[in-house]
Amino acid sequence: MTDAHARQDPDLDALALIASGDTRGCRMLSDRHLPRLHALASRMLSSSADADEVCQDAFVRAWQQAPRWQARAALFSTWLHQVVLNLCRDRLRARRESLPLEMLEEASHDDGPEQAQGRIDQSSAIRSALASLPERQREALLLCHFQELSNIEAAQVLSLSVDALESLLARARRGLRVALIGGALSSGARL
Amino acid sequence: MSNMSLARLTELLDAYGVNHLRWPAAEREQALQFLQSSASARALHAQAFALDESLDSWLVAPPSAALKAQIMASFAPKSSNWRSILAEFWRDIGGWRLAGPTFAASLALGAIAPFWLADGGTDLPDEDLMAAVQMVEAFAEINP
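Protein chains in written order, with my numbering: chain A, -4 to 186; chain B, 53 to 196.
The hints are simulated quantities; they were obtained by calculation from the structure and are not laboratory data. Here a beta-carbon is modelled for each residue, glycine too, at the ideal position from N, C-alpha and C. Don't take every hint at face value.
Stated by the list, open to error - To spell it out: a stretch of chain B is covered by chain A in this simulated footprint if at least three of its residues, at any positions, have a beta carbon under 8 Å from a beta carbon of chain A; those stretches are:
hint, stretch
1, 74 to 82
2, 98 to 107
Unchecked claim - Chain B side only, calculated, beta carbon under 8 Å to chain A, not exhaustive:
hint, residue
3, 66
4, 112
5, 124
The following block holds chain B by itself, in its conformation from the complex (with noise of 0.2 Å):
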């Protein structure tokens, strides 16, 4: 049983024109039926003809075979060569936002690393290994 009435098919062609290829596809098929089965839906699809007809005339030339080449050499497919990989390593890691981080680390390493020694690297004082965490951490706060 189809759901098409005469008003939906209206505002169908009012919408979409007449080729059925662009009416919502979940209608098609039951508006294509009542086409068919109704004179007046007939009529209505002849008279909205006319407008799709003056659309289709509109025609643009084709992209050239210049732009076509153009946009493929806009492509910079990855590079294979080692500076390229150590960038794009670089860049995966985080880059220059590593650096500051990195240098508060070095840092408190030798700050700890005399008493580590000193002490045969067996028993850190506790205060001292906090004191060298608590300088790493606001070392990275203020170089995020």
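In isolation and in its complexed conformation, chain A is listed as follows (with noise of 0.2 Å):
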């Protein structure tokens, strides 16, 4: 599988232009994960302006880690999923206390007035939801979900196998719902 996965590593060209100096190798890297990676950690801390610090400092490794990288089992966009996970656990261990409702800027621009409100509360409803559940079934949803990696990445991101991962989401998945029935409850409307 090592040897499958190293030819399939489709950052290895990218890599190799930033190991020699060439920035369009920098350039292929940000355009291909920089917007995946910003979702990430904006939906992990909530907020736009902490998932830019978090998305630059991870970049700054890439860029220090591309020339000494090895085709190995992991791809390099699993390693940069590490990368931006623990940089987020960081930042939430240090504010544990509070997660901010503050990202209202979240909703499609294009939306109607109406359109964009329901947007935002939907979102909020959604972020309330997750923020309820345990942080590593969190942290699953969001890596199957919203990044869209496959079961086999996610687990390696999450050092996990893929039965504990399949066990994690489906509880995750289930609170959710739980989360928003609820919610929906509380504020007379439907799921």
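With the hints as a guide, bring both chains together as one complex.
Put into structure tokens, the structure is as follows:
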């Protein structure tokens, strides 16, 4: 499996360019991964500003890692996800007591005012429901649902077996359903 | 022959949701075939749809152009000027860690050279050579 992954890692070309000091490699890597990594950090931290800082930090590490990177079982994108996840965990630990609900800019700017408000309400409900889950369940759901990592990649990021990941995911979705139904009932809305 | 069962499909829906692209690659095809052939499976699939829809509604702002620019600016490629090349070479060969052993070797050479030169540099006594080597080794041990 190691060789197969090494052949399939789509980032090896970008890493080789970065290692030779070519900024085109950096552009390739950031174009491919920044949007997804930023979305992960935004959802983990509920703050675009914090997500910006995490991504800057993660890419500085990527530039440093590139010349040393050797094709291995895990893809480079899996390593990047691990870096972002660890940076987010550090920040969450530092501000454990409060999760700011400040991401009003999340709504699509193409929507009309009513649709935008509806999306903000729904996003807010999902965010609150996810925040109520245990950390590992939340991370598993973010990686598999929003980051669209395969079960094997998500398990590698979380250092779990695929079976354990599946169990975490099932519990996460169950907990989320309960939390969302509870929220919908208390607000009088329909899930 | 499909190995997929209603129980396993339920597990897949519980863990990964309704989008078959999120299902494990090894079971995806069988699960899709099972969905087509079983009304009970389709009913389960429909029930699981609402949660995925709710999750998909959570949008976040994309990264700004300013962030992309900052990230690009954070890349410091290897410099090609001679100072950087020398500094890199110095680091590669061990940097200041080599200073101790180099100093010890110089001392030893200084101790040996007079004997060597006095004898025409041809037949250095073995005990002197051994003493010099031991001195270098001892110095290298305390100055790794």
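Hint by hint, here is what the structure shows:
no.	hint	in the structure
1	74 to 82	holds (count 3)
2	98 to 107	holds (count 5)
3	66	4 Å, holds
4	112	4 Å, holds
5	124	6 Å, holds
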